[in-house]
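**Student:** Reading the sequence shown from the start, the letters are residues 1 to 151 in my numbering.
Treat each hint with caution, since some may be false.
Stated by the list, open to error - In silico PhoX-like pairs for lysine-lysine, Cα to Cα no more than 20 Å straight-line:
1. Lys37 / Lys76
2. Lys99 / Lys86
3. Lys96 / Lys86
4. Lys114 / Lys75
5. Lys8 / Lys71
6. Lys114 / Lys84
7. Lys41 / Lys67
8. Lys94 / Lys76
9. Lys59 / Lys86
10. Lys67 / Lys80
11. Lys101 / Lys75
12. Lys99 / Lys84
13. Lys84 / Lys94
14. Lys80 / Lys96
15. Lys75 / Lys59
16. Lys67 / Lys114
17. Lys67 / Lys84
18. Lys75 / Lys41
19. Lys80 / Lys99
20. Lys84 / Lys71
21. Lys59 / Lys94
22. Lys96 / Lys76
23. Lys99 / Lys76
24. Lys80 / Lys59
25. Lys26 / Lys15
26. Lys114 / Lys71
27. Lys41 / Lys26
28. Lys41 / Lys59
29. Lys101 / Lys59
30. Lys37 / Lys26
31. Lys37 / Lys75
Said to hold, decoys possible - Listed next, with one range per pair, are the computed distances between beta-carbon atoms:
32. Val88 / Asp66: 58 to 68 Å
33. Val14 / Tyr35: 39 to 49 Å
34. Ser49 / Lys6: 19 to 29 Å
Calculated from the structure, these hints are not laboratory results.
Glycine residues also receive a C-beta, built at the ideal position from the N, C-alpha and C atoms.
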Amino acid sequence: MAIFGKPKYSTVNVKKRDIPRGLWTKCPNSGDLVYNKDLEKNLMVVPTSGYHFPLPAPKRIASLVDKGTFKEEDKKLTSKDPLKFKGVAAYADKLKENKEKSGLEDAVVSGIGKLNGREISLAVMDFRFLGASMGSVVGEKITRAIERAVK
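Please take these sequences and the hints and turn them into a complete structure.
**Tutor:** This is the structure we're talking about:
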């Protein structure tokens, strides 16, 4: 055997397993992989790093109120474009696009539910709709939620 000879080895071809996409989410802070079902059970908070992914308003509400007690109020209130705002895209087009994308009429979901058997009024912002920016409808829904709470 030669002292400086190449070591003899063989290449082993390992068949890669197909792992379905969408089962895992990578934490942008720690790089940890979290199983999506575990992430959802933990209200979209990564257990190891504490990083918070956005939680849609309907899921936030479901986590707060007693099961089956939430009744959405003011659902038909929708934003208009009275100033005919023109930016990179028309505001009316942005509203339409965000309604289709999020399934919401505006950036806040408000209503009445029960928390440990006690009736509450709540309003929850949803970042999926225009980054939860506050327009006239958002302000109106929050005001009405406060007025319901005071009654």
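**Student:** Hints broken by the structure, by number, lowest first?
**Tutor:** Hints 1, 5, 6, 9, 10, 17, 18, 20, 21, 24, 25, 31, 32, 33, 34 not satisfied by this model.
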